[in-house]
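**Student:** Residue numbers (the numbering used here), protein chains in the order written: chain B, 1 to 388; chain W, 1001 to 1171.
No lab work stands behind these hints: they were computed from the structure. Since this is a predicted model, take the numbers as computed values, not measurements. Hints should not be assumed to be uniformly reliable.
Said to hold, decoys possible - Derived coverage of chain B by chain W (criterion: at least 3 residues anywhere in the stretch with Cβ under 8 Å from a Cβ of chain W; other residues may be distant):
| id | segment |
| --- | --- |
| 1 | 124–132 |
| 2 | 224–236 |
Claimed, not checked - Pairs of lysine-lysine residues, derived as DSSO-like cross-links and limited to a Cα-Cα distance of at most 30 Å, are as follows:
| id | chain 1 | residue 1 | chain 2 | residue 2 |
| --- | --- | --- | --- | --- |
| 3 | B | Lys158 | W | Lys1075 |
| 4 | W | Lys1087 | W | Lys1006 |
| 5 | W | Lys1075 | W | Lys1108 |
| 6 | B | Lys163 | W | Lys1075 |
| 7 | W | Lys1151 | B | Lys163 |
| 8 | B | Lys78 | B | Lys163 |
Built from N, CA and C at the ideal position, the CB exists for glycine as well.
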Amino acid sequence: MFGKKRVAIVGAGVTLFRRNLKETGKELSYHAAKMALEQAGMELRDIQSVVMGTAPDAFDGVHMKGEYLADGAGAYHKPYTRVFVGGGTGVFAPLAGWWHVASGQFDTCLVVCEEKMSSCYPHPQYAFTTIFDPVLERPIGMNLIWIFALEMNRYMHKHNIKKEDIALVSVKNKRNALDNPIAQLAANITVEDVLNSEVMAWPVQRLDVSPTSDGAAAAVLVSEDVAKEVTDNPIWIDGVGWCIDSTQWTNRDLYYPDYVEYAARMAYKMAGIKNPPKEIDVAEPYDPFDYKELHHMEGLLLCKKGEAPKLTREGVTQRDGDLPTCPSGGLLGCGNPIAAAGMMKVCEIFWQLRGEAGKRQVPGDLRTGVAQAWGDLMQYGSVIVLRR
Amino acid sequence: MSAKIKHFPGEPIETREFREGKVLTESFKPKAKYAWSAGIAVSRFLEELKNGRIIASTCSKCKRIMVPPRIYCEKCFKPTDGWTYVKDTGVINTFSVSFLAADATRLKEPIVVAIIDLDGASENMGIVHRIEEYGDWKEIKIGMRVKAVWKPPEERVGAITDIKYFKPVKE
């Protein structure tokens, strides 16, 4: 066993994901946290520690955003930690929750992830420009979409991948989202719709990209002793992994996210997974762009390098396929409130493994699922393995 | 229990409600200004740009020639121990044709940005810069050779923009 105590998820909650929500970040945090507690059959007084995951302060224009959100997340007069690793935050936050409990320091930890991107009006894109190196990159006029377009182009070039095959991911995830009541951009679209959508930064087109969103998601993490008291159906955190590359993103070959592979290997080693495609029943790879789902399937060792488009084309990643990916509808279908989006993926795996995903339920006897997020300057991977 | 949850909280605001003036907006323009340190290694790099040259730092242990230069090798975690010039020519490692400005507004004429692997630097040691004089953007290819177009010496200030852009060149 890794850590002093085994850790389980016993409740999860999510709000609607929408372009604009009337609620403040605190109010969204409250709703998600409260739902997770209710689903766990617990109350705030049962919670010994709180972890908050939320992305750059620049979105809200409120610095010390973690502190600002604290009471909404149920952290009033409690040990509280805010974590932030860019887009990787949503899966990193439950990893931080894990070590709170696995260390033996706390028996319970409430993990809340929130994002309110609509505050930065009319569009949060400009707030992203402050992530670039001020001396060598910002004078070039950097834009966040560009760097993903650079990565997508490199990935397509290296494996000779067609845009048609990448577009299938967007088609699948937006359709999966039709069954998700929180989804912002659920739709029945075709490959042609994606290929004919507005060019943003070639090769990235409008329908290759997830939207900006407001939303929150949360989960209750507990030690094995507490899990046995509160539920007959705990979902165990059996693997955790995280890894970072340098911010010098022009100094690596962008065709493959090896830092995601290292994070996955760490998590799989802990979970005793030797053959990921065979042993993992359902996956939520991070999909802010359609090519990213493919990129991350490869980084997660769910297939060989360059093979993910083929699996997608063959239907393997559909909800009723051998290796369903993003049954939730992912970020492409549900929306992308950064930290909340990653956490939503963890909630989805939790519900899938409990058999409580309703219309989204992946058929079969699901035992093991993986969720992953990615972020910063195309440099960060966070991976969690859940088991029934 | 997603399937058993009847109500997912959240009250959406439609975009038209902004247009119709139903949403109170408060504007805030940050007045924060910065004087960033370029650092030991990049200051040298910028000085050399002023001279029309691109300098890299080297690590004798892993033998990498690194650009942009740094004072420590992040792999060997030791000081870099040499300087060497690399060429102002190279190859497009990957590129993007952007119809979006930094603030997400739409551009009529696209901006082409690329990672350029400079001749003389180690593999995958690219820098990011703009590409111009390319003709039709659909003709731009990964692997295409490019060369820096410099500002005239009297206009250089020791900034990355002392290189105006890179342009495609024939072999």
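**Student:** When the structure is checked against the list of hints, which entries are broken? Sort them ascending.
**Tutor:** Of the numbered hints given earlier, those the structure breaks are 2, 4, 5, 6, 7, 8, listed in rising order.
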